Amino acid sequence: MSQQFWLNVPNLLTLGRIIAVPFIVWLVLIHQLNWAFWVFIGAGVSDGLDGYLAKVMNAQTKIGALLDPIADKFLLVCVFVVLGVQGFLPIWLVILVAFRDFAIVMGATLIEIMTHNLTMSPNFSSKLNTSIQIVLASCVLGVHGLQVESMMFLIDGLIYVTALTTAISGAIYLYQWGQMITQVNGD
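So in numbering that gives the first Met the number 0, spot 180 of the sequence shown is number 179, and the numbers just go up one at a time.
Quick caveat, the hints were computed from the structure, so don't treat them as lab data.
Remember, predicted model here, so these are calculated numbers, not experimental data.
Glycine included, C-beta positions come from ideal geometry on N, C-alpha and C.
Incorrect hints may have been included.
Claimed, not checked - Restricting the straight-line Cα-Cα distance to at most 25 Å, the calculated cross-link-like pairs of lysine-lysine (BS3-like) are:
# : residue 1 : residue 2
1 : LYS72     : LYS126
2 : LYS126    : LYS54
3 : LYS126    : LYS61
4 : LYS72     : LYS61
5 : LYS54     : LYS72
To be verified - Using C-beta positions, here's what the derived DEER-type ranges look like:
#  : residue 1 : residue 2 : range
6  : ILE94     : MET151    : 19 to 25 Å
7  : GLY177    : TRP91     : 23 to 29 Å
8  : ILE17     : VAL160    : 25 to 31 Å
9  : TRP25     : HIS115    : 38 to 44 Å
10 : GLN85     : MET113    : 37 to 43 Å
11 : PHE152    : HIS30     : 20 to 26 Å
12 : ILE69     : VAL134    : 29 to 35 Å
13 : ASN33     : GLY177    : 40 to 46 Å
14 : LYS61     : PHE152    : 18 to 24 Å
15 : MET105    : TRP34     : 30 to 36 Å
16 : ILE40     : SER124    : 35 to 41 Å
17 : LEU6      : VAL147    : 37 to 43 Å
Could you put the whole structure together from the sequences, leaning on the hints where they help?
Have a look at this one:
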């Protein structure tokens, strides 16, 4: 990982995603879902773009590796919470998503405390889950904000797919952590 100056294009995109979160929440709260949709789409695109640019530009930094998952969790948990509070997503799904992300942060912290060497990176199921959560939030904001009610059926299916991928990716993290703890205790 490059030790270059942390303020580069990929990290600026990540910071932009973090800064966008309060605006998206505010736009949902004032019922400007069309604008919230477009800002969220920009934030979602930046999620893929920052990592890609970091690799292509050889601009990977430790701060970027730390900020990117924080930005993802901050964006998705805040958007899911506000969409749940406003009645656009079921509360049980919001709780599941928030609990999984809280458990991941707490689990990673515990592993770091126990091993002093947290070397976990997002696995495929986690990346898939994040993508599906972004698609669900985009569809909810798009259907209601752009008034495309004929697409409402997508949301119902995506809610259950999101719940499934959230549960599976959380279970995979638990399994990986169990393996790490077993290795630490076995040494």
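A quick look at each hint next to the structure:
1. A hinted pair counts as satisfied when its Cα atoms are at most 25 Å apart, and LYS72 with LYS126 qualifies at roughly 12 Å.
2. For the suggested pair LYS126 and LYS54, the alpha carbons sit about 17 Å apart, so the restraint of at most 25 Å is met.
3. With a C-alpha separation of about 19 Å, the suggested pairing of LYS126 with LYS61 holds against the 25 Å cut-off.
4. Restraint check: the Cα-Cα separation between LYS72 and LYS61 comes to about 18 Å, which is no more than 25 Å; the hinted pair holds.
5. Between LYS54 and LYS72 the CA atoms are separated by roughly 21 Å; this keeps the pair inside 25 Å, and the hint holds.
6. The given range of 19 to 25 Å is respected by ILE94 and MET151, whose C-beta atoms sit roughly 23 Å from each other.
7. Between GLY177 and TRP91 the beta carbons are some 26 Å apart, a value that agrees with the proposed interval 23 to 29 Å.
8. A C-beta distance of roughly 27 Å is found between ILE17 and VAL160, which places it inside the suggested range of 25 to 31 Å.
9. Hint check: TRP25 to HIS115, Cβ distance near 40 Å, so the stated range 38 to 44 Å holds.
10. In this structure, GLN85 and MET113 meet the distance hint of 37 to 43 Å, their C-beta atoms being roughly 40 Å apart.
11. Taken as a hint, the range 20 to 26 Å holds for the pair PHE152 and HIS30, whose Cβ atoms sit roughly 23 Å apart.
12. A C-beta distance of roughly 21 Å is found between ILE69 and VAL134, which places it outside the suggested range of 29 to 35 Å.
13. Distance hint check for ASN33 and GLY177: the Cβ-Cβ separation is about 45 Å, which falls inside the suggested range of 40 to 46 Å.
14. At roughly 44 Å, the beta carbons of LYS61 and PHE152 sit outside the given window of 18 to 24 Å.
15. For the hinted restraint 30 to 36 Å between MET105 and TRP34, the CB-CB distance of approximately 34 Å keeps it satisfied.
16. Between ILE40 and SER124 the Cβ separation comes to about 24 Å, which falls outside the hinted range of 35 to 41 Å.
17. For LEU6 and VAL147, the hinted distance range of 37 to 43 Å is satisfied, since their beta carbons lie about 39 Å from each other.
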